[in-house]
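The lines below spell out each chain.
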Amino acid sequence: MKKELKFKVNGQPYELYVKPKTLLVEVLRDQLALTGTKRGCNSSSCGACTVILNGMAVRSCSVLALQANGGEVLTVEGLAKGTELSTLQKAFLDYGAFQCGFCTPGMLMASTALLAENPKPTKEQIKEGIDGNICRCTGYNSIIRAVTAVVKGEYKEAK
Amino acid sequence: MIKDFEYFAPKTLKEALTLLDKYQDDAKVIAGGQSLLILMRQGLVAPKYLIDIKGISELNYIKSDAKEGLKIGALTTHRTVEKSPMMKNGFSVLAEIEHHVASIQTRNWGTIGGELCHGDPAEDPAPVFITLNATLKMASLKGERTMAVEDFTLDYFETALKTGELLTEIQVPVVPPHTGTAYTKFTVIENDLPTVGAAVSITLGAGNGICQDVRVALSAAAPIPMRAKQAEAVLKGKKITDALLKEAGEAASAEAEPISDIYASEEYRREIIKVLVRRVGKEALARAKKA
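Just so you know, the protein sequences line up as chains A and B, in that order.
With the first letter of the first sequence counted as 1, position 157 gets the number 157 in this note's numbering; the numbers rise by one all the way through.
Every number in this note's numbering is 159 more than the matching position in the second sequence, counting from 1.
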């Protein structure tokens, strides 16, 4: 039997009915068509499905959608303000922090959560902040450089 | 594929216990689900009724008391334990190990009680709780009972929880003076489950430096998070030296019952246990001298 799920995604309230076994990533991608969130390993290993739920980075492949009931989800689609990219998004572009781009939404969400909690992380803390996210192209250095650039204040927040 | 189930999200402990009592063994409890959902996805667990206790706020707390020690609600997340300012005065080892439990994402949603109830011998908190002499509080409609953490896991993925019972609280007594506790795990990749892990807690006598009390516990070294009593016997009542720690490591290695799997062979695990017990024992000793 389907259950009611009321929650906010990127500030927008939603009310839908889901089977209890539905995972958060499935609701985001299949029902809300927010396909920025990627489904990678599907076993809580790769971090590509990372979203921010109630202010915390979580793996949306490992959270039941109904556990987000009453909560607030932020996905990669919610980072930009209008057409203005977030500081991390701009830095990822400038520093070439991706090749294939598959890990990027997860990397962006993990680093967004990191900077929300700790705006001035050390290089070591940046590494820890993304150590739940696997990237198979860049070798991580360009991602760390991009996050570092934001930490150093090279980018201005969109108003 | 996850099989369909009926879902309940009780908001109080009483409601949860009533549901557990009603559905008995057809029900499975989910907290953060960081381990359970993997098993459900693999079809290894397929409950008819899933009781989601994650939203029971009365089980999400950390309390610290000068006499009674630390009380951690079963639904406290790993990340909350890691970041809690209450992890001091001998409890700081808990924050230290939580920092290396899986990824931040998993620690943000996974709960400490859920991890213990999962009953996996390859986990970090249980051996540390064993060395800290922690007990667990469990509740059912019939009442409450407590049990030492070391008696809680019975076999691989099997715990002493009875049908209708929920783990509600972890109680960690005040750490005695001159006590040092440490834990280290050997992993294939950082912050992974332990290939093998060792926790050691040493209490020194006042002024004489003699090991008055000691507890050694191992992860991924037996079907359960295991207390290594032979290793403890080597150290207890003596002045601890490096040679004695080496002997304790050998004793722990001999009494452990590790298996061979894709991560390590049995022999290799036994070798690492020797090294870890000695190394972690040395750290615990250094901390006890400073405490």
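Derived from the structure by calculation, the hints contain no laboratory data.
Treat the hints with care, since some could be wrong.
Once the Cα atoms are required to be at most 25 Å apart in a straight line, the calculated SDA-like pairs of lysine to any residue come out as [said to hold, decoys possible]:
1. K19(A) with G202(B)
2. K296(B) with A450(B)
3. K21(A) with D180(B)
4. K120(A) with K449(B)
5. K8(A) with K296(B)
6. K6(A) with K296(B)
7. K187(B) with K120(A)
8. K2(A) with D180(B)
9. K8(A) with K449(B)
10. K6(A) with D180(B)
11. K19(A) with K170(B)
12. K187(B) with F167(B)
13. K21(A) with I421(B)
14. K170(B) with K120(A)
15. K449(B) with G364(B)
16. K21(A) with K170(B)
17. K19(A) with T239(B)
No experiment lies behind these values; they were computed from the predicted model shown.
Here is how each hint holds up against the structure:
Our distance criterion of 25 Å between C-alpha atoms is met by K19(A) and G202(B), whose separation comes to about 17 Å. This hinted pair does not check out: K296(B) and A450(B) have alpha carbons roughly 29 Å apart, beyond 25 Å. With a C-alpha separation of about 22 Å, the suggested pair K21(A) and D180(B) falls inside the 25 Å cut-off, and the hint holds. For a cut-off of 25 Å, the pair hint linking K120(A) to K449(B) is broken: about 32 Å separates their Cα positions.
Annotation: proposed proximity of K8(A) to K296(B) is violated, straight-line Cα distance about 36 Å (limit 25 Å). Under the criterion of a C-alpha separation no larger than 25 Å, the hint pairing K6(A) with K296(B) is inconsistent with the structure, at around 34 Å. Taking the CA atoms of K187(B) and K120(A), the gap is about 42 Å. The hint is violated against a cut of 25 Å. Between K2(A) and D180(B), the direct Cα distance comes to roughly 24 Å. Compliance with the 25 Å bound is thereby established for this hinted pair.
A hinted pair counts as satisfied when its Cα atoms are at most 25 Å apart, and K8(A) with K449(B) does not qualify at roughly 50 Å. Straight-line distance between C-alpha atoms of K6(A) and D180(B) comes to about 29 Å, which puts the hinted pair past the 25 Å bound. Taking the CA atoms of K19(A) and K170(B), the gap is about 20 Å. The hint holds against a cut of 25 Å. For a cut-off of 25 Å, the pair hint linking K187(B) to F167(B) stands: about 11 Å separates their Cα positions.
The suggested pairing of K21(A) with I421(B) is violated, with an alpha-carbon distance near 30 Å, which exceeds 25 Å. Simply put, K170(B) and K120(A) have alpha-carbon atoms about 37 Å apart, too far for the 25 Å limit, and the pair is violated. Restraint check for K449(B) and G364(B): satisfied, since their Cα atoms lie roughly 13 Å apart, inside the 25 Å limit. Distance hint between K21(A) and K170(B) is fulfilled; the C-alpha atoms sit about 19 Å from each other, no more than 25 Å.
Restraint check for K19(A) and T239(B): the C-alpha separation of about 30 Å exceeds 25 Å, so the hint is violated.
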